[in-house]
Amino acid sequence: KQEVTQIPAALSVPEGENLVLNCSFTDSAIYNLQWFRQDPGKGLTSLLLIQSSQREQTSGRLNASLDKSSGRSTLYIAASQPGDSATYLCAVKAAGNKLTFGGGTRVLVKP
Amino acid sequence: GAVVSQHPSRVICKSGTSVKIECRSLDFQATTMFWYRQFPKKSLMLMATSNEGSKATYEQGVEKDKFLINHASLTLSTLTVTSAHPEDSSFYICSGLAGGMEQYFGPGTRLTVT
Numbered sequence: 001k002q003e004v005t006q007i008p009a010a011l012s013v014p015e016g017e018n019l020v021l022n023c024s025f026t027d028s029a030i031y032n033l034q035w036f037r038q039d040p041g042k043g044l045t046s047l048l049l050i051q052s053s054q055r056e057q058t059s060g061r062l063n064a065s066l067d068k069s070s071g072r073s074t075l076y077i078a079a080s081q082p083g084d085s086a087t088y089l090c091a092v093k094a095a096g097n098k099l100t101f102g103g104g105t106r107v108l109v110k111p
Numbered sequence: 112g113a114v115v116s117q118h119p120s121r122v123i124c125k126s127g128t129s130v131k132i133e134c135r136s137l138d139f140q141a142t143t144m145f146w147y148r149q150f151p152k153k154s155l156m157l158m159a160t161s162n163e164g165s166k167a168t169y170e171q172g173v174e175k176d177k178f179l180i181n182h183a184s185l186t187l188s189t190l191t192v193t194s195a196h197p198e199d200s201s202f203y204i205c206s207g208l209a210g211g212m213e214q215y216f217g218p219g220t221r222l223t224v225t
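Here the protein sequences line up with chains C and X, keeping their order. Residue numbers for the first sequence follow the working numbering, beginning at 1 and rising by one. Residue numbers for the second sequence follow the working numbering, beginning at 112 and rising by one.
Next up, chain C with everything else stripped away, as it sits in the complex (with noise of 0.2 Å):
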């Protein structure tokens, strides 16, 4: 049974320091796996999503690596602001499209 693990549960950084999250899984059988983003109260929003072929995936100040053999990925948001502030989820996805949530990073901006 895959099982995906999210270090730290949540973190606390003034503005301007780069933000790095860390995300495990036990089975490196993945199609793929995907960062989200979620504000209080709502629901999930994409930030990227890596193949298992691939490496990394960057979008604007957000990077994303995946070593599929290690089960790692790490999610880098460069120059943190404010509005970063959220909680961070990692999932991958295997046979059957279903996706195995971590539990989850909550991060705070501090101005």
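A portion of the hints provided could be inaccurate.
[As the list claims (entries may be wrong)] If you only want the chain X side, here are some residues facing chain C, beta carbon under 8 Å, derived: (1) Val122; (2) Ile123; (3) Lys125; (4) Thr143; (5) Ser154; (6) Leu157; (7) Thr160; (8) Leu208; (9) Glu213; (10) Gln214; (11) Phe216; (12) Gly217; (13) Pro218; (14) Gly219.
[What the hints assert, rightly or not] 25 Å max Cα-Cα, derived DSS-like pairs, lysine-lysine: (15) X:Lys125 to C:Lys98; (16) C:Lys98 to X:Lys166; (17) X:Lys177 to X:Lys152; (18) X:Lys125 to C:Lys42; (19) X:Lys175 to X:Lys153.
Simulated from the structure, these hints should not be mistaken for laboratory data. Heads up, the beta-carbon is just placed ideally off N, CA and C, and yes, glycines get one too.
Model the placement of chain X on the given structure of chain C, informed by the hints.
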């Protein structure tokens, strides 16, 4: 990206009543939709997978008679919580699968059972 809507966004119901939540894909056809449940400060847990025109597949531990899922068209799936109890209070999120690649998520429905 593709848009998924949910209705209602919030609902309060009395214990013992049933409540229906709608999930619509607005600009794409979703042959597969997923229903998730999220407890406060917890991650999403998959409840069931529904394919248009067929019965939903429920995850282990999810009562199919309590959480009725109907996926009658390529743009609409409904989740009905029957005989709701306070422990059913949660945040319910649906998603639609677009082109077999990426899931697009709805904004969620906050259910409170009193």
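Outcome of the hint check:
For Val122 of chain X, the interface hint is violated, the least distance from its beta-carbon to any beta-carbon of chain C being 14 Å, above 8 Å. At its closest, the beta carbon of Ile123 of chain X sits 15 Å from a beta carbon of chain C; the interface hint therefore is violated under the 8 Å criterion. Look at Lys125 of chain X: its Cβ only gets to about 22 Å from chain C, farther than 8 Å, so that hint breaks. A cut of 8 Å between beta carbons decides the hint on Thr143 of chain X: the least distance to chain C is about 6 Å, and the hint holds.
At its closest, the beta carbon of Ser154 of chain X sits 4 Å from a beta carbon of chain C; the interface hint therefore holds under the 8 Å criterion. The beta carbon of Leu157 of chain X comes within 6 Å of a beta carbon in chain C, closer than 8 Å, and the hint placing it at the interface holds. With a least beta-carbon distance of about 7 Å to chain C, the hint placing Thr160 of chain X at the interface is held under the 8 Å criterion. A cut of 8 Å between beta carbons decides the hint on Leu208 of chain X: the least distance to chain C is about 6 Å, and the hint holds.
This hint holds: Glu213 of chain X has a C-beta 6 Å from the nearest C-beta of chain C, less than the 8 Å allowed. A distance limit of 8 Å between C-beta atoms decides the matter here; for Gln214 of chain X the minimum to chain C is near 6 Å, and the interface restraint holds. The criterion of a C-beta within 8 Å of any C-beta in chain C is met by Phe216 of chain X, whose closest approach is roughly 4 Å, and the hint holds. With 8 Å as the threshold, the beta carbon of Gly217 of chain X comes within range of chain C, its nearest partner Cβ sitting at about 6 Å, so the hint holds.
The interface hint given for Pro218 of chain X holds, since its Cβ lies 4 Å from the closest Cβ of chain C, which is under the 8 Å cut-off. Interface restraint check for Gly219 of chain X: the shortest CB-CB distance to chain C comes to about 5 Å, inside 8 Å, so the restraint holds. A distance of roughly 32 Å separates the Cα atoms of Lys125 of chain X and Lys98 of chain C; the hinted pair therefore is violated under the 25 Å criterion. Proposed proximity of Lys98 of chain C and Lys166 of chain X is supported: the alpha carbons are some 17 Å apart, at most 25 Å.
The hinted pair formed by Lys177 of chain X and Lys152 of chain X meets the criterion: a straight-line CA distance of about 24 Å does not exceed 25 Å. With a CA separation close to 24 Å, the supplied pair Lys125 of chain X and Lys42 of chain C stays within the 25 Å bound. Our distance criterion of 25 Å between C-alpha atoms is met by Lys175 of chain X and Lys153 of chain X, whose separation comes to about 22 Å.
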